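K.L.:
Knowing the structure of chain A, use the given hints to seat chain B on it.
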Amino acid sequence: MFDQLLMAFVALATIENVVAMFLGTLIGILIGALPGLTTTIGLALLIPLSFGLSPLVALGLMAGLYNGSMYGGAIPAILLNIPGTPSAIATTFDGYPMARKGRAAEALRIACYSSAIGALVSALALLLLAPPLSLVTLAFGPAEYFWVAAFGLVSISVLLGSDPIKGLISATLGLLIASVGMDTLTGRMRFTFGNLELADGVNIVVVLIGLFALPRVLRMAEEAIKTGVSRDELRLSGSRLNGRALVSLVPTWLRSSAIGIAVGILPGAGGNIAAFLSYNEAKRAARDPESFGTGNPRGVAAAETGNSSDNAASLIPTLTLGVPGNAIAALIMGGLLVHGLQPGPALFRDNGVIVYGFMLQMLITSVILVGLGGLIATRLFAQVLRTPQVLLAPMIVALMFLGLFTVSNSSFQLYLMIGFGLLGYTMERLSFPLPPMILGVILGSMAEQNLRMSLMISRGDWSYLLASPISKLIAILILVVLFVPVRRAFRKKMAMEKGS
Amino acid sequence: MMRLIRSVTTPDVIAALALVGLSAWALYYVSGLSARAAMFPRLAAGLLLALSVAYLIRELFRASRVEPQPFFHHAPRFVIALVLVVTYAVAFPKIGFLTATIVFVPLFATAIGMRRPWLSAASGIAFTAAVYVVFVVLLNRRLPPERIIELWRDF
Numbered sequence: 000m001f002d003q004l005l006m007a008f009v010a011l012a013t014i015e016n017v018v019a020m021f022l023g024t025l026i027g028i029l030i031g032a033l034p035g036l037t038t039t040i041g042l043a044l045l046i047p048l049s050f051g052l053s054p055l056v057a058l059g060l061m062a063g064l065y066n067g068s069m070y071g072g073a074i075p076a077i078l079l080n081i082p083g084t085p086s087a088i089a090t091t092f093d094g095y096p097m098a099r100k101g102r103a104a105e106a107l108r109i110a111c112y113s114s115a116i117g118a119l120v121s122a123l124a125l126l127l128l129a130p131p132l133s134l135v136t137l138a139f140g141p142a143e144y145f146w147v148a149a150f151g152l153v154s155i156s157v158l159l160g161s162d163p164i165k166g167l168i169s170a171t172l173g174l175l176i177a178s179v180g181m182d183t184l185t186g187r188m189r190f191t192f193g194n195l196e197l198a199d200g201v202n203i204v205v206v207l208i209g210l211f212a213l214p215r216v217l218r219m220a221e222e223a224i225k226t227g228v229s230r231d232e233l234r235l236s237g238s239r240l241n242g243r244a245l246v247s248l249v250p251t252w253l254r255s256s257a258i259g260i261a262v263g264i265l266p267g268a269g270g271n272i273a274a275f276l277s278y279n280e281a282k283r284a285a286r287d288p289e290s291f292g293t294g295n296p297r298g299v300a301a302a303e304t305g306n307s308s309d310n311a312a313s314l315i316p317t318l319t320l321g322v323p324g325n326a327i328a329a330l331i332m333g334g335l336l337v338h339g340l341q342p343g344p345a346l347f348r349d350n351g352v353i354v355y356g357f358m359l360q361m362l363i364t365s366v367i368l369v370g371l372g373g374l375i376a377t378r379l380f381a382q383v384l385r386t387p388q389v390l391l392a393p394m395i396v397a398l399m400f401l402g403l404f405t406v407s408n409s410s411f412q413l414y415l416m417i418g419f420g421l422l423g424y425t426m427e428r429l430s431f432p433l434p435p436m437i438l439g440v441i442l443g444s445m446a447e448q449n450l451r452m453s454l455m456i457s458r459g460d461w462s463y464l465l466a467s468p469i470s471k472l473i474a475i476l477i478l479v480v481l482f483v484p485v486r487r488a489f490r491k492k493m494a495m496e497k498g499s
Numbered sequence: 000m001m002r003l004i005r006s007v008t009t010p011d012v013i014a015a016l017a018l019v020g021l022s023a024w025a026l027y028y029v030s031g032l033s034a035r036a037a038m039f040p041r042l043a044a045g046l047l048l049a050l051s052v053a054y055l056i057r058e059l060f061r062a063s064r065v066e067p068q069p070f071f072h073h074a075p076r077f078v079i080a081l082v083l084v085v086t087y088a089v090a091f092p093k094i095g096f097l098t099a100t101i102v103f104v105p106l107f108a109t110a111i112g113m114r115r116p117w118l119s120a121a122s123g124i125a126f127t128a129a130v131y132v133v134f135v136v137l138l139n140r141r142l143p144p145e146r147i148i149e150l151w152r153d154f
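As given, the protein sequences belong to chains A and B, one line each in that order.
Numbering follows numbering that gives the first Met the number 0, with no gaps: position 60 of the first sequence is 59.
Numbering follows numbering that gives the first Met the number 0, with no gaps: position 39 of the second sequence is 38.
Chain B on its own, in the form it takes in the complex:
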């Protein structure tokens, strides 16, 4: 039984199940809307449900015949990269673009395998400076305020 479950739980089967669930939920959600507002999303969700069921049936038949492929190329590096990207997304509007980017570029490069810290740091500084010149000096764009400069001023 476990073997059977394992043989059919390929990424495609899981994705098809998720799509069936999503489309069923969307159909349920639009049932609470007025008929006119619900018409188009209902059509889209209905179509998605039909296609997802077809996809699921096909993948269930295929699952036992196809050798499962790993979903990630390198899961640890994927997780590290994702965590750093999310951290940057949180930090960037709060501490400012310059501070966040100068730290983020070398940190990301080092975390995924760059072994030349000076080159990483220099690249981070050069890139941030170039972006600052183009966007702030030349294009006059407003970036999030630099917390470190504000703190320095307060101090």
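Chain A with its partners taken away, still in its complex shape:
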């Protein structure tokens, strides 16, 4: 491991990689700072644009964007009470009251340092936990991998949204989309309707951009917000943050980092949940809980450390098992696949330098964040908020088309992307969660191949799927996850009965 880590460090020490990490972090902060643009949209736009770059340069951009956007979301959350990303909702609780008291610059610096520390601790957890976990997965055969894929799909579908039926429908639609193209075992075409462009299946980049970026553009067009934020609203006064104030935040940083890492590893949970839990714990542990919500710096620190410490930790199941725990991890997995890197134990064996390089990039970009997220840069990024959304929407469309065209060089793929965009828009309007569908597309082939391989090994005996203890354990976990909504509904009913 240490040899590969050292080799990865050497591989990263090139101008291209350093520029990619700085640029990715900068783009991430900008995307996070723009309300309406999220990390998922940023990654969906970046993946096709990074196609053709060397894998480490592309992953450096992704690592920077991921860490940068988590901090960027705090800028409008503190200055305007508008969370730039869903993960920054908890930052508004104390960040905005601090800004109202003339302490905006101080709140932004606390948010920046807290984001950097959360991302740093999370990257260390990824570096320490992922390699040993990947060795455990060497004991997995096709049946176990089938169950792992099923577990990933069921847990995201049931735990992510509030409606498990819609989540499961979304995942199943993803599985059907994954079936499009030539069947690798029999050579038969499925759902291609004679179109050769579908023979290789539906391109994951088409699905990612269509589902995540186009619905946002259409919504921006419908809302038609013609003006940006005024110059006066973005005025920052000097920061009063000193060393003693920073030391007082250390317990909050440690507690929130631990919470963020635990939440990140769990499937279905995301940065917003980590931020809320961290905020609540900071408030519960405080001697002055009543000061939370009125401009307490520890509230900002807890929320920002929590949402950033979820970042790299959420990649632990992605890199080791090939099962992303949330939408961002699914997109990063899509990015790895685009560059020919298949997550799982083989990734550490065959592409050790790249995967360790990516983990180091998650770590380095968290340090870069401190330099870029300083007050001068923050003043600059805050100006992005002055861009009217009516102008931003067509620019996103142009980037979407440009990215996809440079990957596919095909008009058909552009039309297909618009089709997925309309599907994504409809699903969003009907409150269907989109990440299960992406996961269905990504995990569909893994599930199918391992299911069919298991049946071939066992000569068609389905009980083979539950032959090993690991398979049984994962199947039981799936049943437990499926039981969650039943328990949720029961508790809700009990609470309602109690209330009445």
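It should be emphasised that the hints constitute simulated quantities derived from the structure, not laboratory data.
Please read these numbers as outputs of a predicted model, since none were measured by experiment.
Virtual Cβ for every residue (Gly too), placed ideally from N, Cα, C.
Any given hint could be a false lead.
[As the list claims (entries may be wrong)] These stretches of chain B come out as covered by chain A in the derived footprint (C-beta under 8 Å, 3 or more residues):
1) 9 to 15
2) 55 to 62
3) 92 to 102
4) 143 to 154
[Stated by the list, open to error] Label pairs and their in silico Cβ distance ranges:
5) Arg61/B - Val483/A: 17 to 25 Å
6) Tyr27/B - Asn408/A: 29 to 37 Å
7) Pro144/B - Phe411/A: 57 to 65 Å
8) Ala284/A - Arg141/B: 16 to 24 Å
9) Thr293/A - Arg61/B: 38 to 46 Å
[Unchecked claim] Selected chain A positions facing chain B (Cβ under 10 Å, derived; list incomplete):
10) Met6
11) Ala177
12) Leu429
P.N.:
Then chain B, alone, in the frame of chain A:
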């Protein structure tokens, strides 16, 4: 009768019916494939059918109790945006990225309500130039050829 139909034709009920239709069609389609090639899509389509039927039944029961919400925030602007996006998708590979984008950005912004034409036009030009520098000059990407430049050369 009409009132009853109207009360149950909520977007969710329509979506559930569409999903039932889609999954039934997928099951019919895979019946024409060999057993091995059809196995996984049949499982997925069967599961989708079961879930869609459950969704449909639930929404039919809910339909009369829930106040219907409009599907679009602003239907005219949605249509305008969609038409412009589709037009851009058709035009972009044919007339080239630079020409299409310089026209598309201000046109889209103006069509959905931007009232400062000079700012829209300047933003379109600045954005296109920045993208050109990054992708063509720095990253050496190939973009669709510019028809206007080809025509000028021919002329």
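K.L.:
If a hint holds in the structure, say so; if it doesn't, say that too.
P.N.:
Right, here's what the structure says about each hint:
Note: the segment 9 to 15 of chain B has 3 residues with beta-carbon separation from chain A under 8 Å; the three-residue rule is met and the coverage holds. Interface restraint, the segment 55 to 62 of chain B with chain A: violated (1 residues with C-beta to C-beta distance below 8 Å; minimum three). Residue count for the segment 92 to 102 of chain B with a Cβ under 8 Å from a Cβ of chain A: 3. That meets the three needed, and the coverage hint holds. A count of 1 residues in the segment 143 to 154 of chain B with a Cβ less than 8 Å from any Cβ of chain A is obtained; the coverage claim is therefore unmet, three being the minimum.
For arginine 61/B paired with valine 483/A, a C-beta distance near 22 Å keeps the hint of 17 to 25 Å intact. Range check, tyrosine 27/B to asparagine 408/A: Cβ separation about 34 Å, and the 29 to 37 Å hint holds. The hint said 57 to 65 Å for the Cβ distance between proline 144/B and phenylalanine 411/A, and at roughly 19 Å that hint is violated. With their beta carbons about 57 Å apart, alanine 284/A and arginine 141/B fall outside the hinted range of 16 to 24 Å.
A C-beta distance of roughly 41 Å is found between threonine 293/A and arginine 61/B, which places it inside the suggested range of 38 to 46 Å. The restraint placing methionine 6/A at the interface with chain B is violated, with a minimum CB-CB distance near 27 Å, outside the 10 Å limit. At about 8 Å, the closest approach between the beta carbon of alanine 177/A and any beta carbon in chain B falls short of 10 Å, and the interface hint on this residue holds. A cut of 10 Å between beta carbons decides the hint on leucine 429/A: the least distance to chain B is about 5 Å, and the hint holds.
Hints 2, 4, 7, 8 and 10 from the list above are not met by this structure, while the remaining hints are.
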